[in-house]
Structures are given as C-alpha cells and as structure tokens.
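Just so you know, the protein sequences line up as chains E and C, in that order. Note that this note's numbering has the first sequence beginning at 1, numbered continuously upward. Note that this note's numbering has the second sequence beginning at 1001, numbered continuously upward.
If you are wondering where the hints come from, they were derived from the structure by calculation, not from laboratory data. Be aware that one or more of the hints could be misleading.
[What the hints assert, rightly or not] Below, in silico cross-link-like pairs of lysine to aspartate or glutamate (EDC-like), each with a Cα-Cα straight-line distance of 20 Å or less:
id, chain 1, residue 1, chain 2, residue 2
1, E, Lys57, C, Asp1233
2, C, Lys1252, E, Glu49
3, C, Lys1252, E, Glu113
Values in this document were obtained by computation on a predicted structure and should not be read as measured data.
So the chains spell out like this:
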Amino acid sequence: MGFHFTDQPIDTAAARSGLKDPGAGGYVSFEGWVRDFNEGRQVTRLEYEAFQALAVKEGERILAEAGQRFPLKAAVCIHRVGSLDLTDLAVWVGVSAVHRGEAFEACRYIIDEVKHRLPIWKKEHYSSGDSGWVNCERCAKGHDAA
Amino acid sequence: MTAGTPVVHALVLAGGSSSRMRRDKALLEYQGKTQLDRTIELAARHTPAVFVSVRASQTAEPGRAHRPLIVDAVAGEGPLVGIRSALAAQPTVAWLVIACDLPFLSDAALDQLLAERDPAVLATAFRSAHDGLPEPLCAVWEPAAAAALAAYAEGGGRCPRKFLIRHAVKLLEPRDRRALDNVNTPEEYAEARNALGAAAAPLRLTVQYFALLREQAGRSEEILATRAATPADLFTELQSRYGFSLGRDQLKVAVNGEFSEWGHRLAAGDSVVFIPPVAGG
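Okay, chain E solo, but in the shape it has when bound:
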C-alpha cells in the first residue's frame, strides 16, 4: 500500500510486483498519460506541481478508504511531478484484490478521488507558445477537466 510522488519515470513493473499477493485473484492498473489536446487547445507538454506534504497524507487516506470499501490485497498510487512530454505516464494506480470486480471498482475509485482531492496542479504548454494552469485560468470555475 502507499501513495508517493516521483520526479522520475514511473517504474510500473516494480510497482506491479509490489502488489503480488497469494490471496489475490485479480490485478487492475490505470495509467494516466499526457494527451496532446485539452479544452480545444493543442498541448505540447505539461508541468505538474504538488503540495506534497498534504497530498501524500490525503493520497494515503484515499487508499485506506478504498481498502475499507473493497476487499483489497494491496493498492498503490504514484504521481509524477515536474515536466512531462506527450505520451508520458503522469499517474499510475494499481490494486490487487480477491476478485476482479473489486479490483476494477477500487482502481476507479482511487483515480477519481486522486483527481478531485489532491493538491496537485497542472500547467499546460500550448503549441501557440503560451501556457496556463488547468482549472485556474481558462476554466476557473471547473474542477473536472481531465
């Protein structure tokens, strides 16, 4: 179990093997990738910034909640900070559970809560040369841009 940040490419193989458990009948992971298009703008790269002291605590709380809601064996979430290019892996969630159903649901629960609750910010750089903080500038009232 655990939530953490890294400024290096996420080692998904290592993270996956950390979830292995003799009682687990299924494993589900989610990868969030850097996409080239958002809110009608051509995106060339991203920068992630986090208030890590609080985000790690809140991330651990989300994983603990998932463990209470679903019969999990293990759950991990790793989030990148720093500069990322198109197709880079920005966030990785992996869960192992007794049955596949709970693994799918728990993985979905974790990534949804992470996106809504953690103090993490994303600055998009556009092909036009300018940039903007997602949800803070062009769409200041929304929290749901993906």
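Chain E is already provided as a structure; the job is to place chain C on it using the hints.
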C-alpha cells in the same frame, strides 16, 4: 460632484526630515503598521490613486521604494514643494494631501473633507480644533492652486498654512476633532500609541505558494508578520499585496499540512497554504 470637477488623487507626504522626532516619522508604527502604510491604506479607501511625495534623495528608502511616487520637481523644500510637484505632475487632478504624522486621521474625517470640498476655490481644508487656523496638510488642493502657489513661492513664501490664510479657500469645522492631532516628538508618539491601543503582537507565519499563486506572488514561500486572525483575513491581505486573480471562493486552505477552515484561528508559527483548483491525474 458635477461634470468637469477634477478627480481627486491622494498625495501622502513622506519627505519630511522629522527633526524633532529624530527618526523617520513615516515609519513610526501603530497597531503593527507604519504610519506611511496606514495613511496609504486610508487614502486608498477614498481616492482611486495614491502617491507618496518624496524628495529626490528618498526614492529608494524603506516603505517608499515600491510605492507610486511623486518626486519633488520644483526648487526648494518642505510640504509646499511636494504639493506643487504633484500639481505639476498631474495638472488636471485635485490632490488630497495628507501628512504622515496624523495617526488619528479617520475615514470620517476624509469623508467629510471630500463631501464638503468646493472645487471652485483653490483648496478645501479643516480649521484646526486647537487654534482655528487652516490645516494645509489634510486638505484638497485644486488644480487652480498651482499658479497661485508658484507665485507665492516666487515671492519667497514657504508656508502652506500662510498660503491658505491669504487665499480664497473653503474651511471646514472638523466633526472628528481628534483626527488632525499630529505627532512630532517621542513623547507625543508614546501617547498616541497608548491611545490607539497596543494591539497584540503580530503573528509570524510561514506561507507557501503553489502553481498560479506561486507565479503571481513571485515566490514559493515567505515568512511574514501579520495581524490577520484567520486564513480568510490573511488571504485578503495577500491578495491586495500580490493581486491574485483567483478569488477566495475558488480556493481551499491548509494550515500545518492539513485542510483547514477559513475561519480557523491562526497561531504564531503556523504554516499556511492556499490551494488553487486542483488538476491532478
């Protein structure tokens, strides 16, 4: 105010030598704020623009360097030079001139002064509650005063009070009689501080900035002294300092690494983070 009445900007006089006080009067503190900052904040509640009047040698001095300045631009020295320099710099503007040694100056006094101002005369000023003479350094000086002041200075005149006595001006009886009590000596300063109340010592807090707020504040962290009692007060203070584009309703706040409430009571040593709309994942 009718059409054609000159707009009023504020001129805070901070160029004096403070000889009797033996230290910079503008930087004397009341309730944890310098007199200069208090005066600027007060004036900003009544006029759309506030300038600080300084001598040419003072433009980099503490409390002044980052303010919009009117630098003395005519010969001579003293408050008359500051007033004339402002009238020269913005010839169509009337100036609410305020000295930097009036710790009791109030919103009520400025409301009265601006409401009862007569733009058809050279100046509108209070009559001193003590000696009945005009108070030139809490007064509105109209653009038309520029020529008369130049002629007065040409004739060797240096005293703005004498100028007001000799010219057509409007004099008001101050309703707030204490507003114009000035502070010139260390003894008067001590009395004024007592009268204004020794407010609690300011809190020293750490504030960290992230994302858009970090860029707009131009820093990722600072330690500051504040009288803000809650994160809501602190955000208001910092928003006016840095011009944050996000409103408080768009933010959350964390104190000491945990989500907190806007009305939370801040304590010395607290670490505060304002959290813009998030976008993880």
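Problem - 20 Å limit on alpha-carbon distance, applied to hinted pair Lys1252(C) and Glu113(E) - result: Between Lys1252(C) and Glu113(E) the Cα gap is close to 16 Å, so the pair holds against 20 Å.
Handout entry: Given hint Glu49(E) paired with Lys1252(C) - CA-CA distance at most 20 Å
Key = 16 Å, holds
Exercise for the section: Compare the distance between the alpha carbons of Lys57(E) and Asp1233(C) with 20 Å, and conclude whether the hinted pair is satisfied. Expected result: 26 Å, violated
When each numbered hint is compared with the structure, a violation occurs for hint 1 only.
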